[in-house]
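Chains H and V are the protein sequences, given in the same order. Each residue of the first sequence is one higher than the one before, starting from -14 at the first, in this note's numbering. Each residue of the second sequence is one higher than the one before, starting from 220 at the first, in this note's numbering.
Derived from the structure by calculation, the hints contain no laboratory data. This one's a predicted model, so the numbers in the text were calculated from it and none came from an experiment. All C-beta atoms in this analysis are idealised placements derived from N, C-alpha and C, irrespective of residue type, glycine included. Please note that the accuracy of each hint is not assured.
Reference listing, derived: stretches of chain V covered by chain H, where coverage requires no fewer than 3 residues with Cβ under 8 Å from a Cβ of chain H [as the list claims (entries may be wrong)]:
1. 283 to 292
2. 306 to 317
3. 568 to 576
4. 777 to 785
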Amino acid sequence: MAEQMEQLRDVSRVVSTPEALAATEFPDDLLVLPLAPDERLVVGTTPFVVPDPHAIVVGDAGWSARWFDAADANAMLDSHCPWDPPRERPSFAQGMVAGLPVKLWQAEERTLVIVPHVFAVEFEERVRP
Amino acid sequence: MSGGSFEYDGRSVEFEAGDSVLIALQRADIHPTGGGTLCFGGDCANCVCTADGVSYVRACQTEAATVTDVTPHPAGGAPPLPPLDDHADPTQVEYLTTDVVVIGGGTSGTAAGAAAEAAGRRVLLFDAGEGAEVLGVYPGPMVVVRTPTGMVHVECERIVVATGAAEIQPVVPGSELTGLYTRHAADVLSRAGIDLGATAAVTADELGQFEGDADGRVAAVARPDGSRIECDSVIVDLGRTPRDALARMAGPGEATVVGQAASVEPTIPTCPSSGVICPCSNVTVGQLDDLYERGFTHMELLKRGSLAGTGTCQGGVCTPYLKSFLADRGGELQPAFTARPLARQVTLGEMAAGSHLPAAARTALDAVHRRLGAQMERIGGWWRPWTYGDTDAEYRAVRERVSIGDVSTLGKMIVTGRDAEAALQRLYPTDVSTIKPGRSRYVLLLDERGFVFDDGLIAREHDDTFFLTFTSGGASMAEMWIRDWTASWANDIRILNRTWSMGAINVTGPLARNLLADVGLIDPPSFMGHTVATVAGVECKVFRLGFTGELSFELHHDADHSEQLWQALTESGATYDLAPHGIDALFRLRLEKGHILVGQDTDYDSTPHRIQHGWAVNLKKPHDFIGRHAVERTAKIPVNRKLVGFEADQPFAFEGATAWRGDDYAGYLTSVAWSSALDKAVALGWLERLGDDFPDTVTVEGVEARVVAPNFYDPEGTRARG
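If we strip away everything but chain V, and leave its shape as in the complex, we get (with noise of 0.2 Å):
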């Protein structure tokens, strides 16, 4: 009775109702890897095949049904990676808690099962004749099964191990040969009504090597004595090993091992003179023994040196002649070595299922920047517009007329309390009690060696309120960094952070006053000052800053209301041509102000004093602050390089770029631009001292560039502060 067919290496093959693709190979006569003992209980890497795309797929343990198309598994080295698909559907993932897991549904485990229900337990069974294979055991514990629906990842109490025993497979001269298969096999074959021919049925004592013929089969087997059995199949009969693997991967205590994985007495072979132990990573009895003269006399060891029972079977088959080997040579029977997961290959999707990628967060203007066409990038955490179509553009309307910017990602808290001013004196290098309330000042976050991890600004609200702002991609890092300090100083303060539900839109260029006297804010902060004010009917925190260069807004609010606000803006700026403004302009405006960007422009050692913004540390205040000592001991080193400005007639290259002084190397470029209103190239870099001196010109990718101070752009900061 036909059940169907699949395609196996261009050829068709038919298979019968409930056959496995190993069982309909064997019908037609093909050994899916060309030789090898034939188990067909999982243990050996014989049978593995690629079925439907995925490799390494145990042919006796696959339903023939289940597959359209099957490929022999290559003789030597690994099958190729499957072609890219970009539109696979996710591997399936559910999540489990049981009291329970057994592995197993033959008489022991069901059995174990049944008294663990009976006992008020709850229990799940996977057993992978039906499917649902147990691929590990991870501390917990947690099992990971495969199923045909996807993966199950099970949170359990206990486990029940009853997987049964494996059988010994010979290592004799001929073991590559086809034609052999141990007891099992060939009683699952014998029920599949596959006729083997002349059998051969031989146990340890009886197997010399097998002899084989002209199209690698087997002919005969030799006995040790010298006599032959002349066959067209062979059944070993070698002993059996307790099947616990997956026992082994779970901690003290955690598993139980029954039935005849817990029952049988493990067969230690003999161990072989020559020969291939480990038929997966080809290691051989000679190899071990070089290991062994080299010191590699312990199970773990050995496994290391050799690699043997790290590859795709697991151990299955090497296990007992490993510990064999060992016995052999230094008389001690030594436990198997430690087994993790996963016992069985998986694919990729298969390890990822129920796996994200960190998500990119979405300010409340997200569709609104996608409406308007903007190309949106993943930066900092944030998904942001990184250009509206026409960067230039969106430069010019900061620079001459007016522009918008969403600036939501900026982290923004809340700190107050009786101690919050003491709180932010040991947490930033400036000296706190100087900033009055309506103020706020440009500051820095260093880290305990005294270098340079976040930056932003202090804005006093109240005497004992402040809101405090930080880069889109630092803001969760400052915010750990602030709560662990100041639970550590036991403050009295109350921090909030309100970056995911506050907005802010930067309303820049030489009219945003006019645009905002429009919308309703005829009296706007003084530079660097803050107020709370209704601008288009949304009640907003008015900062005053000046991060492009030119006079600048940042409107704080309640993030619900982002979209009246941007819309408000928009209209009344089409007064003065307004037009939004991407990330990527706003780099480069920032850039031609020589703004850095911590993380862009600084490094993991980078000090106040190598960026040259040691005048943002203010060693004077009779507080300590974090970093404070290692800043005070490094300001007395000289410094050997530091963040400078770079200009050019010509484009720089790309950021990243080597900066040459001659043959020396002198530094890089983090952050390049062609400045508009410069008409010139501009960057940011890192300089290194040559000798005495910082050199002043520099070869850039054949550019030549000069060394000055980075303020390109407006160096007396009048546009900013008018």
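For reference, chain H alone in the conformation it holds in the complex (with noise of 0.2 Å):
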């Protein structure tokens, strides 16, 4: 588990329509993460096909990620996330977190939290205990 954050690799962003997001089928090994309707963060490599011709689909250098424990960050999220997020899992929700736009992935276990890489420093230098 990365102590600190680290630029996500093999990651891809897709717009498209709802409709043809709905009707792609991703692979289960990749991590797909509903960024608006229109828009999908994916990570992970396996190929996909959007039915879409005027799909973009593209790699994405522009976040950076850090695996937390569920209990190391619920207690990040207590005292920098001034909204509720969602304490079931898997689940996922974006927000402002310590004042900066971030993505929460919960898995089962464990919570991926993920920043623009334009933000990285400052989200570690805010939310350092």
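Using the supplied hints, reconstruct the complex from the two chains, each of which is provided in its own coordinate frame.
Quick look at the structure:
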């Protein structure tokens, strides 16, 4: 488990119509996060096809991430998250944490905190105990 | 049994274990504010002090063992601001969510909390006596609490207010003396073993006025019938009023009041004929009378007119008397005025807990710039290298050899889809249909009023795919603008903002082509063209532009390759004595070229014609576009001020300096620089029409300036296009 933010590798950004995204069969080994009705953040390298000739599918080097134990994640969120993130697992949420735009993938026993790479240093500084 | 001591106004005050600061002061016969009834309930401002640098601390609710240095509150005015401490630890905040918040840990509050828990609700109970002081109730509801370890913000569904009742304070002549206590205060002091001497206990009917001795201490109570009771202290028992301000802060149906806060029948004291009703704001009965005569006949109006109830105790003392005053004058008992957070004074640190300044983004080259010793500045929402230490050398590298600059901060967006061209035709004032694949064009973004709010580039990649750029500071606004409009038009397009995920390096200078050839770009695009190519092993979108006025190529690439690309260019550039340039040099370079910075050189009402960018608006295109009607309308109106170039033989004083023509105001400068290449001062700025014409010379801070076309450097553009 990373002790600090690391650039998230093997990430794709997918933009298409909500219908096409719903029809896309993403392989099970991919982590697919719904950023918006027309947008997905996909972590993993297994190929997939979006049934939309105009879909944007690009590699995206713009994210940093760090895994937290569930307990550590909850403690961090209690101190820095002014909204109530979902506590059920697995779940996905996004919003401001420590005043920065953050995405939370709450896996079964741990939480992936994803931050735009341009704010990774700031995030580390703000949540440092 | 001594619990320790603290400093009070230069002397040591001992306290016993469990003492509050006020009890300790009373043991030493000290009244922290010099007079006034002490309530020991936190309802008045008569015991506020400055504890360890924090002002407006209620001595009755502060544990003595937690302070080391206490100073009295000044008799008049506010205490001095504490010295600035740049290294103070931020106040921590904890965000909690629960079903029920109970405020007050007495019998009623505890019972209410237990009942809610028994019903399966999650309950949090806060009791000021235990150090958890509720400061306010905000919409949500959200309850804000001050605790010994920091602030707590609690979102909840219901609030139970069990804060008890406050005792009425006396408003009669002599109320400012020492030795006056409420019944509750006397009980607290008795339990603490403090002897009040000969006491006189009086009710409202028995109280005429207090008489004092030469030291300002009460010596007797005068009854309304003229009789007197000589005493050392007075215990006043004037009735009680519900302590319900926190409940009144809550929205309709959000709070339940229990215990004495609900059951105590509010005492409405007799309206005094004179004296100070609101000690915090020093409001007298006479002042209230004056306001009432002028129409301030409602609680809310009287509060606003007099400021009664807006001071330290937030109406804890004066509210019953204000009710009494209005009932006496108008014959009607009015409800208390609106209660709003905060109920207690807070420090700036407590107020700011959990708040953050907007973060400045860092490009993927941020660490590189810092390693190079760059002076980093926040510009347009980003950390950017202002200079690497020698702006002149950076400037010369661009003009004479080759240089690289980090332009990753530019807004970048992909727009694709069947309706992409149609959408851009409506968004931009240029004819997008004439931009061929592989070509790009400088564009303005106009709002509905025809004012310029951003500029950038449209690059056509394929028939249905475009790459847009925006200014560094305007990218977020531009994205919202484009998304909102295209959503309302129901265009069949896909939009992706790539600003944070793509880096961009500008390779600029007369030897730029040579350097790029050395790192693998053999066939660079022509001016305003673009292509995809591998440069130093990194796949790049290569744009040929000319912001600096020299041969320039922007290499846009995935941000995780920025350092690799920068390093390769730096190493190969050593052959050409390459030096990176910062923003200071870049701004000077672009100013020599007369390129505007939207937001610096433009204003909120800058039309394309006023900034002399009418060429960027194509009114002949057969499409409507945002701002078209406004541009057509304003184009018929003579321009009364315009953005122009100024040049002078001496340096201009500063950006923002005013231009004069004789005694007439003639405009101001928006960007200034000394041009090494041209050996003269150059500037952009606004010029006013004076009479029928615009002046051709002005004076700026004593410097004679000529009004010229703003493209000072290489006006034919041969260097950038070459």
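Hint check results:
Counting residues of the segment 283 to 292 of chain V whose CB falls under 8 Å from any CB of chain H gives 0; the rule of at least 3 is not met. With 6 residues carrying a beta carbon less than 8 Å from a beta carbon of chain H, the segment 306 to 317 of chain V meets the three-residue requirement, and the given coverage holds. Counting residues of the segment 568 to 576 of chain V whose CB lies closer than 8 Å to any CB of chain H gives 4, which reaches the minimum of 3, so the coverage claim holds. Here's how the segment 777 to 785 of chain V fares: 4 of its residues keep a CB closer than 8 Å to some CB of chain H, so the rule of at least three is met and the hint holds.
In summary, the structure is inconsistent with hint 1 from the numbered list given earlier, while agreeing with all the others.
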